[in-house]
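Undergrad: Could you build all of it, start to finish, from the sequences and the hints given here?
Listed below, chain by chain, are the residues.
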Amino acid sequence: MNKNYFEIKRAGINTTFQDQGRNNLYHIGIPFSGAMDNRNFQISNKLVGNEVNFPTIEFAYQGPLLKYFGENINFAITGDVKFIIRKKNNAIEGNCYQSFTLENGDELDIISTNKSVYGYLAVSGEFDVNYQWSSCSVNTKANIGANDGKKIEDGQKTYISNINKNLSNKKLNYINTKIENIRVIQGTNFDYFSDEGKKIFFEKEFVISKLSDRMGMRLEGPKIENIVDTNIKSEGLLKGVIQVPADGNPIIMLSDHGTIGGYPKIGVVISADYDKLVQLTPGSKIKFKKVELADAETLFKLYDLETQNLISQI
Amino acid sequence: MIKNISNLGDAALYCDFGSEVNKEINSKVIRYFKSIQKENIDGINNLTPSYNKLIISFDLRKKNFQTIKKLIENLNITNDDELETNRIKIPVCCDENFSLDIKRLEEKLQITRDKIYEKFFGKEFFCYMTGFIAGMPFLGDLENELQAKRLETPRVKVPKGSVGLTEQFANVYTFESPGGWNIIGNTPQVIFDSTKEKNPNLINPGDVVTFEQITKDQYYNNNE
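Here the protein sequences line up with chains A and B, keeping their order.
When we follow numbering that gives the first Met the number 0, the leftmost residue of the first sequence carries the number 0, and every step to the right adds one.
When we follow numbering that gives the first Met the number 0, the leftmost residue of the second sequence carries the number 0, and every step to the right adds one.
Hints should not be assumed to be uniformly reliable.
Claimed, not checked - In silico EDC-like links for lysine to aspartate or glutamate, alpha-carbon gap of 16 Å or less:
| id | chain 1 | residue 1 | chain 2 | residue 2 |
| --- | --- | --- | --- | --- |
| 1 | B | Lys62 | A | Glu296 |
| 2 | A | Lys300 | B | Asp58 |
| 3 | A | Lys232 | B | Glu19 |
| 4 | A | Lys232 | B | Asp140 |
| 5 | A | Lys289 | A | Asp194 |
| 6 | B | Lys61 | A | Asp194 |
| 7 | A | Lys149 | B | Glu175 |
| 8 | A | Lys232 | B | Glu105 |
No lab work stands behind these hints: they were computed from the structure.
All values derive from a computational prediction rather than experimental measurement.
TA: Set out below in structure tokens:
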């Protein structure tokens with residue numbers, strides 16, 4: 000019996016179900032998808048007593064306004080998010096990294112992310128979503144995943160089952176830090192660019208453009224000159240790959256990227272910096288800093304350890 | 000057979016099989032792809048074969064570049080087995096509502112549309128790779144007389160089912176998508192079906208595809 004649900008009174012800008020994403024499908028044209036900021040995704044689940052890879056609702060900038068119907072349930076929001084819980088007689092402003100209890104008829108108004116892009120809403124139960132290739136992650140481009148592969152829309156209901164009976168509240172002391180220096184490994188077409196272009200790439204500031212979404216992040220700044228060919232024979236892409244098309248403006252591939260592409264690859268963002276990169280808002284200034292493979296591997300180990308430590312503190 | 004293995008970022012191997020685009024090199028890529036897929040190596044989470052490259056992505060929590068590189072170098076991949084090949088026929092309607100760029104192509108190629116169709120339909124094309132968007136096949140090779148550059152300004156929306164030509168390749172848009180290929184028709188055939196999790200793609204790398212021209216009536220009957 001599904002009697003617990005959220006009524007979506009306002010969907011928000013880009014609100015989708017996401018989990019850890021799906022593997023082994025690049026060769027047929029399907030990217031990982033999954034939560035953009037994996038650390039915050041996992042923490043949100045742990046704060047409500049779930050396994051870390053349960054489905055969550057990911058939102059960007061403006062979040063959803065949800066009215067809850069059903070038995071008491073806990074929820075937690077992660078990221079850097081302003082939200083309000085409206086009860087019958089009062090309203091309180093909520094804090095991220097802390098679980099709260101919703102009662103029948105309460106409203107959760109996720110107003111906006113603060114100087115960041117993505118936030119996560121987890122509940123102490125299971126969203127009733129369909130899985131494709133072991134993941135609920137929504138890929139709106141190929142209509143794959145939960146909610147018929149579409150964004151959550153105004154007026155719809157999202158059902159929740161198997162609510163955890165233990166509703167003790169949890170909290171984590173954590174503040175998201177921002178980065179301005181994005182560490183990258185040289186790409187496979189690094190030598191397609193002029194010495195001046197290479198220098199610009201590692202020394203100058205780039206601004207994140209408004210034309211950024213779950214597929215990619217476009218950058219504006221000094222043009223990076225190509226001296227070989229502005230196209231390559233199409234080949235595989237990965238999240239974090241930085242391509243430079245003919246116009247000289249870099250594009251960073253993000254979680255919903257097309258699986259193959261034909262622009263030269265100047266660099267790849269290291270795995271340790273991906274979660275922080277995706278949280279940078281349009282207008283933010285960034286610089287690329289070169290690192291070697293061995294350093295990138297160590298940096299990821301440290302980052303992953305830090306994530307595991309945070310999760311184990313909850 | 001792999002000419003060079005390097006790293007693409009910190010969580011992928013970039014296997015280079017050469018710089019040309021031809022069936023021979025591509026068949027090597029596909030053979031490697033299929034063999035590695037069968038090995039089911041723990042930690043590898045994606046394989047992306049393309050014309051002449053194979054990208055192997057792995058989970059950095061479990062493996063690193065050196066360990067995967069060693070595994071791949073030590074694989075014994077036989078060159079002799081025939082590649083498994085399916086032959087697929089794709090019906091295409093060239094009604095004027097579907098053949099969005101046929102006039103442009105006539106001008107670019109300096110031949111009539113009848114000649115274009117004659118050189119396109121009934122010919123066998125090899126599937127080099129699938130991707131960009133889910134299930135999109137990259138098929139080749141077109142005759143020299145059919146080779147044209149992509150549109151200077153790509154369309155914001157190419158309709159689902161559109162059949163397009165660019166340079167030596169043909170493809171089918173499996174979803175509505177932005178794109179710059181020269182569209183000559185549309186197929187009612189479902190090329191990608193996400194409900195078939197085991198094999199969502201009608202056309203896979205190594206397959207041989209033939210296009211067949213159909214009338215508008217046949218097009219709409221096929222949809223029913």
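Undergrad: All the hints need checking, so say for each whether the structure fits it.
TA: Hint check results:
Straight-line distance between C-alpha atoms of lysine 62 of chain B and glutamate 296 of chain A comes to about 10 Å, which keeps the hinted pair within the 16 Å bound. Restraint check for lysine 300 of chain A and aspartate 58 of chain B: satisfied, since their Cα atoms lie roughly 12 Å apart, inside the 16 Å limit. In summary, the hint linking lysine 232 of chain A to glutamate 19 of chain B is supported, as the alpha carbons are separated by about 9 Å, within the 16 Å threshold. Between lysine 232 of chain A and aspartate 140 of chain B the alpha-carbon distance is near 14 Å, which keeps this suggested pair within the 16 Å criterion.
In summary, the hint linking lysine 289 of chain A to aspartate 194 of chain A is supported, as the alpha carbons are separated by about 15 Å, within the 16 Å threshold. Our distance criterion of 16 Å between C-alpha atoms is broken by lysine 61 of chain B and aspartate 194 of chain A, whose separation comes to about 36 Å. Restraint check for lysine 149 of chain A and glutamate 175 of chain B: the C-alpha separation of about 15 Å stays at or below 16 Å, so the hint holds. For a cut-off of 16 Å, the pair hint linking lysine 232 of chain A to glutamate 105 of chain B is broken: about 26 Å separates their Cα positions.
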